[in-house]
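Position 314 of the sequence shown, counted from 1, bears residue number 326 in the working numbering, the numbering being contiguous throughout.
Because the hints were derived from the structure by calculation, they are not lab data. One should not assume that every hint holds.
Claimed, not checked - Here are the computed lysine to aspartate or glutamate pairs in the EDC-like style, where the Cα-Cα straight-line distance is at most 16 Å:
id, residue 1, residue 2
1, 232, 315
2, 232, 246
3, 313, 294
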Amino acid sequence: MSASAPFVAVIGGGPAGLMAAETLAQAGHAVEVFDAMPSVGRKFLLAGKGGLNLTHSESFDPFTARYAERADTLRPLLQAFDNEALRTWAAALGVSTFVGSSGRVFPTDLKAAPLLRAWLHRLREQGVRFHMRHRWQGWAGEGARSLRFLAPAGEVLVQPAATVLALGGASWPQLGSDGAWVPLLAAQGVGVAPLRPSNCGFDVAWSEHFSSRHAGQPLKGVALHFEGWQQAGECVVTAGGVEGSLVYAASARLREAIARDGSATFQLDLLPQRTLAWVQAELAHPRGPRSLSTHLKTRLKLEGVKAGLLWETVPKADQADPAKLAAAIKALPVRVQAPRPIAEAISTAGGVPFEALDAGLMLRQRPGLFCAGEMLDWEAPTGGYLLTACFASGRAAGQGAAAWLVARRRPRADA
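Let the sequences and hints guide you as you build the complete structure.
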């Protein structure tokens with residue numbers, strides 16, 4: 013590539029990197045985007061297979077609270093580019109959005125590809141250039157500014173005026189975010205919080221009997237309780253554990269408890285719309301010659317995987333005790349032993365700590381190097397929160413890089 017004129021390198025072609033590139037281009041900077049994959053936005057397109065949940069319609073304070081301990085850190089970024097700003101941005105690309113029944117925001121056509129195509133077209137019109145199959149290898153030497161890339165034709169060296177890293181976490185590595193950047197930054201003395209699975213499933217030691225009959229079946233209309241936290245929704249029984257949106261929502265809490273205690277046990281309410289007293293009263297009805305399974309199906313509408321969970325979890329002696337069985341139906345203990353591997357997770361926790369960055373998301377110890385997106389140390393539940401923070405942090409890093417370049421060109425007052 014020809015790079016004699018000053019330019020900004022953006023490494024990573026996901027939402028954060030593309031938003032940084034757009035922000036820089038709009039500020040009048042030449043931008044070169046590098047990505048290890050044959051095309052950009054691969055994980056973004058995969059997310060679109062489920063309808064592309066762009067953001068959530070929650071009001072600002074509860075929206076921001078979804079980022080837990082990083083809520084205050086991300087607040088200014090989200091204030092500058094919130095859920096409504098994201099919808100307005102999509103509309104400018106010709107993509108209208110709607111709010112679903114759960115409050116989640118989707119493109120009207122529920123597809124990611126049209127939005128990505130329109131975005132890339134606009135970026136190219138703004139002068140942004142793309143270099144595919146360029147895998148970042150770090151710098152050319154200690155303290156060097158030149159970036160090294162492994163490309164199809166061999167090693168490529170470029171020397172940008174500034175660099176934005178938007179390399180993702182380590183989930184779904186086949187789509188490009190493999191965490192290979194961690195040792196590259198560590199070699200520069202940047203402390204990186206270990207990458208951990210987030211929005212992930214968990215291992216449970218099901219019996220072969222239960223697993224063979226119920227793996228893949230959804231648990232609908234349940235509620236999960238864990239250490240004072242609770243949420244209703246649905247999840248899925250797998251051959252070796254549990255996954256799905258309700259489990260993902262609890263994943264950070266469960267992951268940390270496992271790290272602390274070696275395992276974690278949550279309670280599953282199989283009938284969250286019913287009180288314990290109602291369940292006890294229904295179980296107290298005489299069942300005559302009917303089996304207990306038939307009694308549960310007739311009186312409580314409990315069958316299939318929900319009934320299977322009861323027989324899997326409740327001791328035989330307690331199954332015949334209406335009080336103990338009712339208590340289990342309302343708070344069935346499920347012991348999870350480990351999170352699923354990070355490669356299977358929807359997202360990751362850990363990464364570059366915000367404490368190592370200035371307000372413009374520049375690494376304090378490496379001026380001119382900015383970080384954005386999932387490679388930063390934050391996490392959020394699914395529901396549009398992940399994408400929104402990736403967009404917002406990409407925009408903030410682009411603005412930070414643009415401001416830093418302007419400041420470097422400004423004559424010093426004492427010169």
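How the hints compare with the structure:
The hinted pair formed by residue 232 and residue 315 meets the criterion: a straight-line CA distance of about 12 Å does not exceed 16 Å. Proximity of residue 232 to residue 246 is assessed by CA-CA distance (about 5 Å); at most 16 Å being required, the pair is judged to hold. Between the alpha carbons of residue 313 and residue 294 the distance comes to roughly 11 Å, so the proposed pair stays at or under 16 Å and holds.
Consistency with the previously given hints is maintained throughout, with no hint failing.
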